[in-house]
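Protein chains: 4
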Amino acid sequence: MGAKIKLGILGGGGDSLIGVLHRVASNMFDQYEIVGGVFNPVWEKNIGFAEQIGLPVSRIYKDFETLISEEVKLPENERMQVVSILTPNFLHFPMAKKLLENGFHIICEKPLTTSYEEALILKEIQELTKTVFAVTYTYTGYPMVRQMRKLVESDALGKIQKVDVQYYQGWINSIIHDPEKRASTWRLQPDKSGISCCIGDIGTHAFGMIEFVTGLQVSKVLSDLNYLYADNVMDIDGTVLIHCSNGAKGVIRASQIATGEENSIIVKIYGEKAGLKWEQENPNYLYMMEEGQAIKVLKPGNGYNSELSLDGTKLPPGHPEGIFDAMGNIYKGVARAIKGEPYDSGEFPTIMDGIRGMNFIEQTIASNADGNVWKSID
Amino acid sequence: MGAKIKLGILGGGGDSLIGVLHRVASNMFDQYEIVGGVFNPVWEKNIGFAEQIGLPVSRIYKDFETLISEEVKLPENERMQVVSILTPNFLHFPMAKKLLENGFHIICEKPLTTSYEEALILKEIQELTKTVFAVTYTYTGYPMVRQMRKLVESDALGKIQKVDVQYYQGWINSIIHDPEKRASTWRLQPDKSGISCCIGDIGTHAFGMIEFVTGLQVSKVLSDLNYLYADNVMDIDGTVLIHCSNGAKGVIRASQIATGEENSIIVKIYGEKAGLKWEQENPNYLYMMEEGQAIKVLKPGNGYNSELSLDGTKLPPGHPEGIFDAMGNIYKGVARAIKGEPYDSGEFPTIMDGIRGMNFIEQTIASNADGNVWKSID
Amino acid sequence: MGAKIKLGILGGGGDSLIGVLHRVASNMFDQYEIVGGVFNPVWEKNIGFAEQIGLPVSRIYKDFETLISEEVKLPENERMQVVSILTPNFLHFPMAKKLLENGFHIICEKPLTTSYEEALILKEIQELTKTVFAVTYTYTGYPMVRQMRKLVESDALGKIQKVDVQYYQGWINSIIHDPEKRASTWRLQPDKSGISCCIGDIGTHAFGMIEFVTGLQVSKVLSDLNYLYADNVMDIDGTVLIHCSNGAKGVIRASQIATGEENSIIVKIYGEKAGLKWEQENPNYLYMMEEGQAIKVLKPGNGYNSELSLDGTKLPPGHPEGIFDAMGNIYKGVARAIKGEPYDSGEFPTIMDGIRGMNFIEQTIASNADGNVWKSID
Amino acid sequence: MGAKIKLGILGGGGDSLIGVLHRVASNMFDQYEIVGGVFNPVWEKNIGFAEQIGLPVSRIYKDFETLISEEVKLPENERMQVVSILTPNFLHFPMAKKLLENGFHIICEKPLTTSYEEALILKEIQELTKTVFAVTYTYTGYPMVRQMRKLVESDALGKIQKVDVQYYQGWINSIIHDPEKRASTWRLQPDKSGISCCIGDIGTHAFGMIEFVTGLQVSKVLSDLNYLYADNVMDIDGTVLIHCSNGAKGVIRASQIATGEENSIIVKIYGEKAGLKWEQENPNYLYMMEEGQAIKVLKPGNGYNSELSLDGTKLPPGHPEGIFDAMGNIYKGVARAIKGEPYDSGEFPTIMDGIRGMNFIEQTIASNADGNVWKSID
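Protein chains in written order, with the numbering used here: chain A, 49 to 426; chain B, 49 to 426; chain C, 49 to 426; chain D, 49 to 426.
Okay, chain A solo, but in the shape it has when bound (with noise of 0.2 Å):
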């Protein structure tokens, strides 16, 4: 192949979790290269950080205007070729904008942007220069989440007639009941983290995932969320009825308050001829449901599954991968559509899904506010 792809990184210093998700993720088929970045708008912090990692100090920048203006005077094949953000959300939107403006690819968190409006006019220009542009829905970089996906696209469900996807945590629990604690949480306050709480965070993952998995687009909402306290203004918990373009009704449940939950995500898929089950927390094992017949258990690696599902294994059958392999799946996607080589639409999650994805949260948020009403997503 030749060299790696050179990657810049925006954000994820210090003891960032996602930072350290997508520096393996970005390594771990042998297709990236981290170049440079801003890990932190303090100097100190951003510098010594790269040092930490052990990532050479001539290519760090004081910010994301400077990154831009210096690598594009570098020769093309220095030069950074993709950037992933993995800044506070209201940051994504600038950043992206301006990355993209200057021809650079991107990898970026969810959600894409903080309203439905930026979205859109980050595709615009994501449509004119041609760039790719992947938001990392992780969940879908499963092996057994991109099985479900072919499975349904094969026809082996026959036409969806029913979804049902849950998002369970328990982690606000121990913020909500302390009234100093809620109002003093970043996560609760609009002007920080936008309209919502827990659709926003959560509850998006599971809108994309239905999508995603289905095929179908959800096209209709009507949410009966949950504040618990009259001075918390943002959902935290919230049951949302959809209907898809289809004309399958289905639910999706997501809970920042079920306590004891740690990270439950469960997708249930009913087709007329057979059902899908699947639990993020114990991600190699699949379930399928056909009429009459034996439950089967699909495992990642084996020979029964799709092409796209054993492109996200890397040992035999039994040695179970997680979620830094998911992510990994994604970004080894992302390599490919940048070296414009042959991919499946289900490699990687595009600007597209970033963009329904906060139409659903605009939407679901007035569908309680307006009094448990339908409202449509385009």
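The set of hints was computed from the structure by calculation and includes no laboratory data.
Please read these numbers as outputs of a predicted model, since none were measured by experiment.
We put the CB at the ideal spot given by N, CA and C, even for glycine.
Not one of these hints is a red herring.
Dumping the calculated EDC-like pairs for lysine to aspartate or glutamate here, alpha-carbon to alpha-carbon at most 16 Å:
hint, chain 1, residue 1, chain 2, residue 2
1, A, K207, B, D226
2, B, K52, C, E99
3, C, K52, B, E99
4, D, K52, A, E81
5, A, K52, A, E81
6, B, K321, A, D226
7, D, K344, B, E339
8, A, K146, A, E113
9, B, K344, D, E339
10, C, K344, A, E338
11, D, K52, A, E99
12, C, K207, D, D226
Just a sample of chain B residues kept apart from chain C, beta carbon distances all over 12 Å, derived:
hint, residue
13, K93
14, K110
15, Y164
16, E201
17, A204
18, K207
19, H225
20, R230
21, K240
22, N294
23, S354
24, I386
25, M400
Put chains B, C and D on the given structure of chain A with help from the hints.
Relative to chain A, chains B, C and D alone:
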């Protein structure tokens, strides 16, 4: 103790599964003796079945009116004390009404009646006659369901803040997509099954489970139901948003088109301090999730369980009991009530639970019919 | 059919759990009527218990000899046909011997006798009298255990090449480490319990399970047993290497010091074409692993199961049955045999299975005593 | 910290899975930089692979002798510090020996060597040169395996009284029954694979797991091995009875003919106070069973875990990590050792663990060959 309680049975003959369930359950704790009944409207089948199960035919009657008129003539110590009603739903009301009026105790299959109105009438008579009236929401008889109730009661969960109960089956899938079958299946005919299929048959179980386990009342519902075909007038799937009497929000999910699911009831209850999870198809495992602690798996028969739970286990830990044992536990509780012995209110569901179930069905159907709006449950 | 089979019971009175199990099981398929027995050697307790379970006292006898002498005087159509022996182990032999000699059918708890020699004597009489003789290896009555047997029989696994059965409990842990308790527990006294504790009580179940499921005979054993303390002469844990009649090798693992285990029987059978896994504490799930294919999960009541398995399920799929149902299935099979109806050899274990179990115990203890050497099982 | 540790790699080129595993793991905590190595004995492939993974070719050598002679010429701050040996087993010894003699640290795949004798020689040199020598028993790097070790160490289980470790695979099934395949597969040729197939390849993992988790030494073995065909001289399945240094008895079960099994390692450890269970294919769940209490399910990343366990988790609870993360944890520990930082002895297996593994293999094969008799492990 002396003699066993004299039990009569209406319905449940031939190869009726519900008949087997009630017969075995009634025998489980040496409390009941089946003395007679009406197993079938056709006399030969009625008598034939009695002989087949080794019952003397002297107290097999041609119809329930005769049963009542003959039994009341018998001396009190020979007379039937309690009657189990296992007939098609529309017969529950006339049978129960007349039995109550003649002083018989009743064990009635759910749904209690075909309308909320009928249910209220029965309630009035039952209060006057001070009879014992059990409605067999069988799943409440499982030791670990009882343990959930007692854990909530003991405040082990703190204030309940979120409830989520699923009841998914897939059996109607093979019927609903076939125009002829869906036109001819009695479950899908309102004149035979009342106003609801899915919500009436299984949604009520989910509803009853919430009220049984949490001790809360569901106060409001908003539903989105699924009919799949324009020529089908009975719901076969649906999601119901709920609000509880303490303000907690939640969701009931019921389906008969969840392809490949058998009888998947999943109960999730989250309080401020801890959460609980239980699955009916694996009923001997209860998961308790306390914040920041290892998840606890509780199993029947262990000393750490409540008395109510332990009362429902016959063998030492590790000997799994099933649905027959759950029904047996309900019969055991009813026996205590009939004999005037003390019992826990969790030992069997009463007519009040049946009445609330009827109200739930009617309001859920109305919510959907009126365009997915909130309806109150008194 | 006419009248039920007349059943007598020896032992199982008071709060005996095994008594409950046999009473409920005998009632499960409307086949038996308990007509009398001897529940306790103390007359008041004997009679008192009969009254407590609602049994007329006319056929409660003071001892088993009287039961036999009185019952044989009754007209044939009133006489007890089959007797269940639920007494302490050392009584099995004299009771069974005399019952057989007087033409009664027998359902006997395991272990059959206290020695292989006694067992052979019973066999001889049973053959002469042509009586039905069942030994209640209860776990063989589970629908999915029956399904394993039939899958092996149908060659779905190919030639069996490896067997591994575990039976782990932890209950003796709280006794064995206390010098006083271990000196006073009857299970640990050879005069009361025979030559073995762990192997005799639960190892035999594992042994019987292998022979039941595979249709093979265990031909050789080499054991390493655990006594933990020098003053304890009874095995409380052990591993037994085995060779089967077809050359397959395997292992039986039994323990009563597996701290925290309840009743963990795990069966793993591997053939040239497929493997099977089943766990007793979760008995409604059977895992079938065919090379290169998705794992299959088989559940009771589904049409893909064998007739033998389906015959042991009373309700539709998704309604879990437990240990009482397993015993009920065995009683159902015995009823068929008594009535001279056709039945599958997998419906209940016979005296031959009991005899082989005794031989297994003796050879396993001898293997360990002689320094972990191979011993044959005829 | 400054610069990353300079890592060389021997073997693991082409589509070697073990190569991927080590490359990703070495990168996981920003501690290592791969600077060169020998990926393939064929020069074109060697260089080609280096280019493919984006490595400069200047320090790709034609063989390991050249690697050593060239690297030692480099200034100390540029020189390779540690070398990972991923070649076929018979090369481990000569490579490790010469590397040690020249002062390189070593990360070596298991088995350490092809004989116990070679292993002892390496040990001698390693002690003289005071180098860091890790043997990659990867499974010890899982957070919940580390937690087991710490729970035992903290006396949470009390005295260990029973151990049982399974390692079942089914992959050789498709080879062993085909005379041609079994004659031509290198794993079944003693000249290529040493004296053992199953025990050497996976039995050692089970052995190492016991010693790692319990802190005990296995002191005696008695084995029964399976060859299936007379013309096959390599064990493909076996059960090993063991005695531990504290007197505890137990069993190691290993198989490559457990049809349909993928990589099923199951660890069960029972102490006087509590038991532990863990399964490799579902590695983020650890079951702790304390007498008379609800079973506890421990999951990675939670505060109730030990520091050693938490050090091996990168994201918050509920984000499953897999086998790559386990290897990454081992590399992280080795980095600490190389840098002279403090580390826990549970962070990586050392040459001593490799040596004991070799001894275990030889004694287990001897036990079977000599007629299933006990053999000591020093």
